[in-house]
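Sequences are here, hints too, so could you generate the full structure?
Heads up: the sequence lines are chains A and B, in that order.
By the numbering used here, the letter at position 47 of the first sequence is numbered 47, and the numbering carries on one by one without gaps.
By the numbering used here, the letter at position 49 of the second sequence is numbered 49, and the numbering carries on one by one without gaps.
Think of the hints as simulated: they come from the structure by calculation, not from any bench.
Keep in mind that the hints are not guaranteed to be accurate.
The calculated DSSO-like cross-link candidates involving lysine-lysine, where the alpha carbons are at most 30 Å apart (straight line), are [said to hold, decoys possible]:
#1 B:K108 - A:K11
#2 A:K57 - B:K96
#3 B:K73 - A:K57
#4 B:K108 - B:K96
#5 B:K96 - B:K73
#6 B:K108 - B:K70
#7 A:K71 - B:K70
Not the full set, but computed from the structure, chain A residues with beta-carbon under 7 Å of chain B [as the list claims (entries may be wrong)]:
#8 Q41
#9 D86
#10 F110
#11 P112
Even for Gly, the Cβ is constructed at its ideal location relative to N, Cα and C.
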Amino acid sequence: DTGVSQDPRHKITKRGQNVTFRCDPISEHNRLYWYRQTLGQGPEFLTYFQNEAQLEKSRLLSDRFSAERPKGSFSTLEIQRTEQGDSAMYLCASSFPVRGSWVRTDTQYFGPGTRLTVL
Amino acid sequence: AQTVTQSQPEMSVQEAETVTLSCTYDTSENNYYLFWYKQPPSRQMILVIRQEAYKQQNATENRFSVNFQKAAKSFSLKISDSQLGDTAMYFCAFMKQGGANSKLTFGKGITLSVRP
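Set out below in structure tokens:
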């Protein structure tokens, strides 16, 4: 396993278009997170899945944003009617909270991100 | 709610020297984790070091070590024998332990430049 992957790496779109990003977590990880990072800032939490259940959404995630993880494996993040303010790096991370294991519990491993530019 | 503050936007260090990056945080939680992540230019974020709040001993990973002061809510990162490959943005992050959501709260980051 080579880690968390994200597709596409870059996306340029026109305002008003819909875009969808994909994240493939590390295979044994059951927790998956989406973050958004704007230039010069730290990532901000958007939403979180445990297996296929979406357990929390940030207030940053407006009604134009939707995320799914249908089979508890990969996840998609869709933005409808994109706005210029949506331009950012969208990061995915995964973790596997194993108790009583030497594996580092609750440590999140990040993908390379999808950079979205809305013209 | 938790907050993480990194007040130094940029730092520079000569290759082979030591540099310390500062981080403070605010929380009412007693059990939590603290992390330093590194984000090289145009590359993905990777974990540098992690500290459990219940541990008094400071974490160490090769050239990287932390100074964790729980009472002062301070968590600084020391990089010894700085290398050119250490040039990156460094983020301090907080995670509440336990509960259903282990989301990370990040600081704004600090840009570290290592000079040859």
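Taking the hints in turn, this is what the structure says about them:
1. Proximity of K108 (chain B) to K11 (chain A) is assessed by CA-CA distance (about 24 Å); at most 30 Å being required, the pair is judged to hold.
2. For the hint pairing K57 (chain A) with K96 (chain B), the CA-to-CA distance comes to about 17 Å; that is within 30 Å, so the pair holds.
3. Simply put, K73 (chain B) and K57 (chain A) have alpha-carbon atoms about 27 Å apart, close enough for the 30 Å limit, and the pair holds.
4. Distance hint between K108 (chain B) and K96 (chain B) is fulfilled; the C-alpha atoms sit about 19 Å from each other, no more than 30 Å.
5. A C-alpha spacing of about 14 Å is found between K96 (chain B) and K73 (chain B), which places the hinted pair at or below 30 Å, so the restraint holds.
6. At most 30 Å may separate the alpha-carbon atoms for a hinted pair to count; K108 (chain B) and K70 (chain B) meet this at roughly 21 Å.
7. About 40 Å separates the Cα atoms of K71 (chain A) and K70 (chain B), which puts this hinted pair outside 30 Å; it is violated.
8. Here the hint on Q41 (chain A) is kept, as its CB sits about 6 Å from the closest CB of chain B, short of 7 Å.
9. Below 7 Å, beta-carbon pairs count as interface contacts, and D86 (chain A) has none with chain B, the closest being about 19 Å; its hint is therefore violated.
10. Restraint check, F110 (chain A) versus chain B: the minimum CB separation of about 4 Å is within 7 Å; hint holds.
11. Interface hint at P112 (chain A): satisfied, since its Cβ lies 4 Å from the closest Cβ of chain B, which is below the 7 Å cut-off.
Consistency note: the structure conflicts with the earlier hints numbered 7 and 9.
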